[in-house]
Amino acid sequence: MTADTILEVRGLRTYFFLRRGVLKAVDGVSFSLRKGEVLGLVGESGCGKSLTALSVMRLLPKGSARTVEGQVVLDGEDILTKSLNEMRTVRGRKISMVLQDPQTSLNPVFTIGNQLREAIVRRFKGSRAELDRESIQALRHVEIAAPEQRIGQFPHQMSGGMKQRVVGAIAISGKPEVLIADEPTTALDVTIQLQYLKLLKRLQRETGMAILFITHDFGVVARMCDRVAVMYAGRIVECGPVRQVFDNPSHPYTQALIASVPKMEGTDGRLRTIEGQPPSLMNLPVGCRFADRCAFADERCREAYPGTYQVGADHTADCWRLAP
Amino acid sequence: MQRYIVHRLLQGLVLLFMVATIVFFLGRLTGNPVDLMLPEEATAEDRQAMIQALGLDGSVYEQFVIFITNAFRGDLGMSIRMRQPAVDAFFDRLPNTLAIIPWALLMAMAIGIPLGVVAALNRGNFIDRLAGGIGVLGIAMPSFWLGIILIFVFSVELGWLPSGRMGGPEHYVLPVITLGAFLVAGFMRLIRSSMLEVMESEFVKLARIKGLSEWVVIWKHCLRNALIPVLTLWGVFVGNLITGAIVTETVFAWPGVGRLTYEAVIYRDFPLLQAVIILKAILILSINLLVDILYAYVDPRIRLS
Amino acid sequence: MRRAPWIPIVIISTMLAMALFAPLLAPYSPIDQTLRDKLLPPFWMEGGSTKYLLGTDGFGRDILSRLIYGARVSLLVAVLALTAGGGIGLTIGILAGYLGGMIDNVLMRLVDAAFTFPAILFALLLAVTMGQGMATLVIAISLLLWASFARVIRGEVLALKQRDFVALAKVRGCSSLRIMATHILPNVLNTFMVLVTLNIGVVIVAEASLSFLGAGIPPPTPTWGLMISEGRGRIASAWWVALIPGIAITLLVLSVNLFGDWLRDRLDPRLRQL
Chain A
1 MTADTILEVR GLRTYFFLRR GVLKAVDGVS FSLRKGEVLG LVGESGCGKS LTALSVMRLL
61 PKGSARTVEG QVVLDGEDIL TKSLNEMRTV RGRKISMVLQ DPQTSLNPVF TIGNQLREAI
121 VRRFKGSRAE LDRESIQALR HVEIAAPEQR IGQFPHQMSG GMKQRVVGAI AISGKPEVLI
181 ADEPTTALDV TIQLQYLKLL KRLQRETGMA ILFITHDFGV VARMCDRVAV MYAGRIVECG
241 PVRQVFDNPS HPYTQALIAS VPKMEGTDGR LRTIEGQPPS LMNLPVGCRF ADRCAFADER
301 CREAYPGTYQ VGADHTADCW RLAP
Chain B
1 MQRYIVHRLL QGLVLLFMVA TIVFFLGRLT GNPVDLMLPE EATAEDRQAM IQALGLDGSV
61 YEQFVIFITN AFRGDLGMSI RMRQPAVDAF FDRLPNTLAI IPWALLMAMA IGIPLGVVAA
121 LNRGNFIDRL AGGIGVLGIA MPSFWLGIIL IFVFSVELGW LPSGRMGGPE HYVLPVITLG
181 AFLVAGFMRL IRSSMLEVME SEFVKLARIK GLSEWVVIWK HCLRNALIPV LTLWGVFVGN
241 LITGAIVTET VFAWPGVGRL TYEAVIYRDF PLLQAVIILK AILILSINLL VDILYAYVDP
301 RIRLS
Chain C
1 MRRAPWIPIV IISTMLAMAL FAPLLAPYSP IDQTLRDKLL PPFWMEGGST KYLLGTDGFG
61 RDILSRLIYG ARVSLLVAVL ALTAGGGIGL TIGILAGYLG GMIDNVLMRL VDAAFTFPAI
121 LFALLLAVTM GQGMATLVIA ISLLLWASFA RVIRGEVLAL KQRDFVALAK VRGCSSLRIM
181 ATHILPNVLN TFMVLVTLNI GVVIVAEASL SFLGAGIPPP TPTWGLMISE GRGRIASAWW
241 VALIPGIAIT LLVLSVNLFG DWLRDRLDPR LRQL
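Protein chains in written order, with the working numbering: chain A, 1 to 324; chain B, 1 to 305; chain C, 1 to 274.
Keep in mind that the hints are not guaranteed to be accurate.
What the hints assert, rightly or not - Below, simulated DSBU-like cross-link-like pairs (lysine-lysine); rule was C-alpha separation at most 35 Å, straight line:
| no. | chain 1 | residue 1 | chain 2 | residue 2 |
| --- | --- | --- | --- | --- |
| 1 | A | K198 | A | K125 |
| 2 | B | K220 | A | K125 |
| 3 | B | K205 | A | K125 |
| 4 | A | K82 | B | K220 |
| 5 | B | K205 | A | K201 |
| 6 | B | K205 | B | K220 |
| 7 | B | K205 | A | K35 |
| 8 | A | K62 | A | K35 |
| 9 | A | K82 | A | K125 |
| 10 | A | K94 | B | K205 |
| 11 | A | K175 | A | K125 |
| 12 | A | K125 | A | K94 |
| 13 | A | K94 | B | K220 |
| 14 | B | K220 | A | K201 |
| 15 | A | K82 | A | K175 |
| 16 | A | K35 | A | K175 |
| 17 | A | K94 | A | K198 |
| 18 | A | K94 | A | K201 |
| 19 | B | K220 | A | K62 |
| 20 | A | K175 | B | K220 |
| 21 | B | K205 | A | K62 |
| 22 | A | K175 | B | K205 |
| 23 | B | K205 | A | K198 |
| 24 | A | K94 | A | K82 |
| 25 | A | K35 | A | K82 |
| 26 | B | K205 | A | K82 |
In short, the hints are calculated from the structure, not lab data. The model shown is predicted, which means the values in this text are computed figures rather than measured ones.
This is chain A alone, in the form it adopts within the complex (with noise of 0.2 Å):
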């Protein structure tokens, strides 16, 4: 773990205890997130991102998920063995969260404003013309317009993106140190959703704050984020800064992925889709997990699966044919 490391994850396990069987969801997940840096997470749906997000915030769904194994430092200190207690004062001032859907992320019976001095007065105790002040000043900050009269509307009064600002307004009013966003612009309208990056870009460059960005889109990878980790299959696969990983994708599963995003230059006009399924969660095979759909799986792929190799500077890949 080297110093400017804000977030580091090891060998995160959580799975699903069901009647039908365990669940392996998220299988020896590691990576860490530097101080200040976009890290994109990216993977199909099912592949344990959002998963990996809800262990590490310790937010699983009640009952039947659990983490079993694995390590979560956040600051120097393993977040897995906090009380939930303790858990309370990470949650919001050193890391935080936007959810996906913005319609159902907030509460339809409570005013934004009543929302925000929740979060506000965890950091500042002051009165509530105070706290009024600081909930219009948060939303002036995700460029809410008129954000004096937003204070006390309900939800429902505002359109999905600009909840999604509110939900983002919460999430940061904590002055976290990492920020969790789970495809937080997969619900909204496509030209609303470029507006929302270039505000949590703006957001993350003025605060400092580290982002973990998941998304199944390539593309907006290369817009957003620094470095990319590409998860299948409940396991990171390949994990380096995003210029090398798109000019030289070095698991196949990542040069799949990468065929399969639309180029304005398109060479030869046709997107490439991954043939066959990712193997059940319940009865995964020993070997490499992306065998099966693997143009250059052998023997060796199946028996077992491959360490984590350097291949460039901060580069690495899952891939026994980078086997030195």
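Once you've looked at the hints, dock chains B and C against the given chain A.
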């Protein structure tokens, strides 16, 4: 908002008209209405006066018009047994019923709501099953029987509390428990299932992300939303309260409108029963209208649309 | 899967047997009065004897025999009212859900109205105008049931309507009536059965309450509600007259509800909300 209230008011009036119509036709089309309306010892002159007053020699349509006109003037007939206008008898007794209902409701909410929340928080474990057991028992035990058991234990055996009639505060305890218990199970089950649904919401996740305490997350963010279905089902609860009051007041000889209903039935006092039913319908509809307004307050999506 | 609820099943079977074979099981007539033996306590109490196992009431009638015959009334009313009320609810639910539009609108308004206005008031009114009796009681309790059946069934039908086999039947040119009878009805029968079991308890309590209020089957026919009503005035001197029939009601209703919960989980776990 105003349109919503007006809309509900009109709906209520239609329902009231339906109730009045049913009451009217049941009174006319089964047997001889004069027999239903007058005491057995009534003289021929009395009968003739009744036929005149209600237009019983005219068509059913004319009779209905007279009935509705009289009803609008607050005349729903004379009680056979009490020899006073049925409407007056109802309003004489109403305060006694209204004296126990708020306490019973308070008890049902004070026990049912926290029990439902706690059951939801402990989903599937011992506490949940215990609460579930109380819920099932609450449904299985007829409330008149519960009332009799309470009398047996606390009045007869222990001699702590009076077994009936109105009086000081100690007279309220058993009737309020009986009527309240009637509602506790319903409240608990409803709150439990709506809490379970709300607790899965994304906004609850966001509330936790903010670092709010569990107490605020559960009792502010979740409960306020979980109460919405309780309010939408309020009409059913009001109906249950009216039903429960009939049985409870009968068991405890409590001189309210519930007991009055019972008396109208056992003394076959049709004019009184007719008045009681129509006035209770009005009562139910007014309470429902009030609750609709309250509902709009709790759920801003309705208030502001 | 939960284990079958054996204790409730045994209790329900016992009550069923009591209802079916009442004349064979009851030691005495439920109606004949032996005033000499009135208000005798159950056998385990001082003054009680094995002659009258559960004691006698104020007219010297054997409580056990009345209890056995009372099961007959409770279960008969339950069967008739659930057939009538449930049947009406089923029909209205299918019609409203499948036909939709104006018909659905009007029928659902009626359902809302039925939920708002307590059915017990109509039941009392019927008893006074039509006179007490089995027919009045069954009509009254059907009024209590139909709306909740209609509401749930309609919801089911709305979902079924979207399914492929219904679309296919339409393409083949089946009439609406035929589709409702051959495609919709068989698919809601599971739900209907669950509703029936969950409502047996409601009917039994309603019947007892109406009997208690003097609007049920008229005396001297023994019903549990009436027995409680007759015994409550003597609660201080002869508690068993009122308390024993109450135990029977509570046990039976508890059992059918536990059994209904289990059946619901087996047949249709989506109905948890009911």
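These are the hints, each one checked on the structure:
1. K198(A) to K125(A): holds (31 Å)
2. K220(B) to K125(A): Since the Cα atoms of K220(B) and K125(A) sit roughly 20 Å apart, the hinted pair holds (cutoff 35 Å).
3. K205(B) to K125(A): Answer holds: K205(B) to K125(A) is near 23 Å, not above 35 Å.
4. K82(A) to K220(B): holds (25 Å)
5. K205(B) to K201(A): The given pair, whose Cα atoms are some 24 Å apart, holds under the 35 Å limit.
6. K205(B) to K220(B): Given that 35 Å is the threshold and the Cα spacing comes to 13 Å, the pair holds.
7. K205(B) to K35(A): Holds, because 25 Å separates the two Cα atoms, which is no more than 35 Å.
8. K62(A) to K35(A): holds (31 Å)
9. K82(A) to K125(A): holds (25 Å)
10. K94(A) to K205(B): It holds: about 16 Å lies between the C-alpha atoms, which stays within 35 Å.
11. K175(A) to K125(A): OK: K175(A) and K125(A) at ~15 Å, within 35 Å.
12. K125(A) to K94(A): It holds: about 18 Å lies between the C-alpha atoms, which stays within 35 Å.
13. K94(A) to K220(B): holds (24 Å)
14. K220(B) to K201(A): holds (33 Å)
15. K82(A) to K175(A): holds (21 Å)
16. K35(A) to K175(A): holds (14 Å)
17. K94(A) to K198(A): Roughly 23 Å separates the two Cα atoms, so the pair holds.
18. K94(A) to K201(A): holds (19 Å)
19. K220(B) to K62(A): holds (19 Å)
20. K175(A) to K220(B): holds (24 Å)
21. K205(B) to K62(A): holds (11 Å)
22. K175(A) to K205(B): Roughly 18 Å separates the two Cα atoms, so the pair holds.
23. K205(B) to K198(A): holds (25 Å)
24. K94(A) to K82(A): Status holds; Cα separation ~14 Å.
25. K35(A) to K82(A): Between K35(A) and K82(A) the Cα gap is close to 22 Å, so the pair holds against 35 Å.
26. K205(B) to K82(A): holds (19 Å)
In summary, the structure agrees with every hint in the numbered list given earlier.
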